[in-house]
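Asks: Using the sequences and the hints, build the whole thing.
If you're matching positions, the sequence shown starts at 6 in my numbering and goes up one per residue.
Please note that a few of the clues may not be correct.
[Unchecked claim] The calculated lysine-lysine pairs, modelled on DSSO-like cross-linking and capped at a C-alpha distance of 30 Å, are:
1. Lys311 / Lys348
2. Lys411 / Lys446
3. Lys487 / Lys261
4. Lys348 / Lys305
5. Lys422 / Lys390
6. Lys411 / Lys390
7. Lys381 / Lys490
8. Lys164 / Lys381
9. Lys318 / Lys149
10. Lys418 / Lys487
11. Lys335 / Lys82
12. Lys57 / Lys82
13. Lys322 / Lys305
14. Lys335 / Lys348
15. Lys490 / Lys261
16. Lys164 / Lys253
17. Lys415 / Lys381
18. Lys381 / Lys261
19. Lys233 / Lys411
20. Lys262 / Lys422
21. Lys390 / Lys490
To be clear, the hints were calculated from the coordinates, so they are not data collected in a lab. Model, not experiment: these values are computed from the prediction.
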Amino acid sequence: RRMILDEKGSKITEFRLEPETLPDEYRAGGRLLLIIGKELTRKAQEAPGKGKSTFIEPAAPQAFSRGFTLAQKMVGKACGIAGVRPGQSCLPKITTVGSQDTTGPMTADEIKELVCLEFGAPLVMQSFCHTAAYPTPEDREMHKTLSRFFRDRGGVVLKPRDGIIHSWLNRMLLPDTVGTGGDSHTRFPIGISFPAGSGLVAFAAALGFMPLDMPESVLVRFTGRLRKGIFLRDAVNAIPYYAMHQGKLSLVKKNKKNVFNGKIMELEGLDLSVEEAFELTDSSAERSAEAAVIAISEEKVSLYLKDSISILKSLSKEGYSSAALENRIKEMEEWLSHPTLLKRDDDAEYADTIDIDLSEIREPLLACPNDPDHIKPLSDAAGEKIDEVFIGSCMTNLSHFSNTAKILRKEGKSASKLWISPPTRLVEEHLKETGEYDVFKKIGARLEIPGCSLCMGNQARVADNAFVFSTSTRNFDNRMGKNAKVYLGSAELAAVVSTLGRIPSNEEYFSKMEAIMLVQ
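Replies: What follows is the structure, encoded as structure tokens:
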């Protein structure tokens with residue numbers, strides 16, 4: 006403990022430095038510089054007779070008699086131990102790193118500061134999904150220089166029209182590994198990711214590990230099955246909805262209560278594909294969680310990796326080839342030869358638990374303007390006029406656009422301005438091959454290139470004061486447009502909204518679902 010004394014030496018107050026290494030961090034000029042200095046010192050001290058380190062070491066965590074959660078095991082594996090307890094400082098190995106174009110230039114500057122000529126992380130990927138749609142001359146130059154910069158250091162570099170960072174990075178993941186990325190939605194559906202700022206992303210890319218103070222975990226446990234016409238996005242919105250009703254989350258900004266804040270969200274109880282699982286882990290960003298993990302079956306992970314290998318091999322043939330990509334394919338094939346996944350211990354301890362019975366969700370749930378935590382059932386928002394509808398973002402995959410096409414093909418019109426933006430060029434190509442893209446064209450939808458589009462709101466935007474229904478990640482004030490009022494929900498509900506120009510009643514919604522036999 007430290008004390009603050011007055012001029013007479015009397016104690017004014019006392020406090021504790023957290024973490025304990027703070028004095029060394031200050032003297033070193035920052036935590037990352039301290040870690041580098043300690044590592045260099047450790048190597049120097051390996052020589053005989055050089056003595057022991059005088060650095061302040063983090064205190065050992067309090068002893069636990071309970072087992073480990075899934076996240077604690079994943080981070081532990083990356084540290085070469087069985088598990089890592091909450092509050093423990095560690096340096097997990099980073100297997101996958103993602104960088105995108107709005108923070109990429111800053112990340113590149115940080116990498117230069119580290120004098121990194123070759124990435125230490127096994128796979129580092131750079132995307133251009135935030136500026137590809139309407140690039141300025143400066144953006145075009147950045148696309149060239151950043152591509153060259155990451156490629157020269159052994160990175161995997163996407164092209165501007167390829168699509169969203171997360172949709173591609175997810176295809177390059179290894180199960181039960183740890184990663185990071187310079188975007189808050191870098192939330193791996195297999196393994197675990199801790200999104201970070203440019204400095205820490207650069208550090209992880211350059212050195213292949215990153216500092217972490219292990220957060221506590223909150224368990225979200227699903228039971229029951231989704232009813233017909235209720236979709237996974239409704240399960241996503243059920244998380245804050247149930248937390249609110251259990252008194253663990255509040256809407257007020259002052260002294261806001263949020264059980265997920267600064268913690269790891271651990272999800273279980275759903276039999277999902279990896280693509281579906283990402284909808285849930287991705288949404289942990291809006292819960293202010295540090296990270297998320299989800300329990301998926303070995304069968305579903307194996308199917309996903311086989312598909313991912315095919316995609317990565319196609320990239321190699323198309324000229325994206327790099328040693329990192331080839332090595333990742335080999336690592337995936339090696340995992341498939343002996344598939345095994347970590348599982349949480351039955352007696353694992355959580356900071357809190359939220360139970361959600363999916364069968365209780367009898368109508369769609371949507372986030373209302375302008376807060377992703379402000380969840381209401383469809384009946385409470387029915388009749389609200391909607392000017393524009395956006396179907397896109399990293400929260401979508403091929404199935405969402407196929408379902409949208411089914412609804413729009415039957416209705417043959419869109420009463421609201423409709424924006425369509427596939428997450429990747431692979432999804433766009435498939436929709437064109439099946440003729441589903443023609444459905445969007447015929448009704449006059451605005452077709453955006455694969456990428457972030459309106460979700461980011463940094464290029465094209467909705468009209469001022471517009472009422473919007475969107476499948477995007479968040480609906481913060483002025484993000485999609487000036488004074489825009491944005492609802493968030495499933496692609497299927499968004500498609501119905503676009504045909505009516507308003508939010509439907511429950512009766513209207515379910516009748517349209519039944520009419521096209523759109524059931525799970």
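Asks: For each hint, tell me whether it holds in the structure or not.
Replies: Going down the list of hints, with the structure as the test:
no.: 1; hint: Lys311 / Lys348; verdict: holds (22 Å)
no.: 2; hint: Lys411 / Lys446; verdict: holds (14 Å)
no.: 3; hint: Lys487 / Lys261; verdict: holds (25 Å)
no.: 4; hint: Lys348 / Lys305; verdict: holds (15 Å)
no.: 5; hint: Lys422 / Lys390; verdict: holds (12 Å)
no.: 6; hint: Lys411 / Lys390; verdict: holds (23 Å)
no.: 7; hint: Lys381 / Lys490; verdict: holds (15 Å)
no.: 8; hint: Lys164 / Lys381; verdict: violated (39 Å)
no.: 9; hint: Lys318 / Lys149; verdict: holds (24 Å)
no.: 10; hint: Lys418 / Lys487; verdict: holds (27 Å)
no.: 11; hint: Lys335 / Lys82; verdict: holds (20 Å)
no.: 12; hint: Lys57 / Lys82; verdict: holds (27 Å)
no.: 13; hint: Lys322 / Lys305; verdict: holds (26 Å)
no.: 14; hint: Lys335 / Lys348; verdict: holds (24 Å)
no.: 15; hint: Lys490 / Lys261; verdict: holds (22 Å)
no.: 16; hint: Lys164 / Lys253; verdict: violated (43 Å)
no.: 17; hint: Lys415 / Lys381; verdict: holds (28 Å)
no.: 18; hint: Lys381 / Lys261; verdict: holds (19 Å)
no.: 19; hint: Lys233 / Lys411; verdict: holds (16 Å)
no.: 20; hint: Lys262 / Lys422; verdict: violated (37 Å)
no.: 21; hint: Lys390 / Lys490; verdict: holds (11 Å)
The earlier numbered hints that this structure contradicts are 8, 16, 20.
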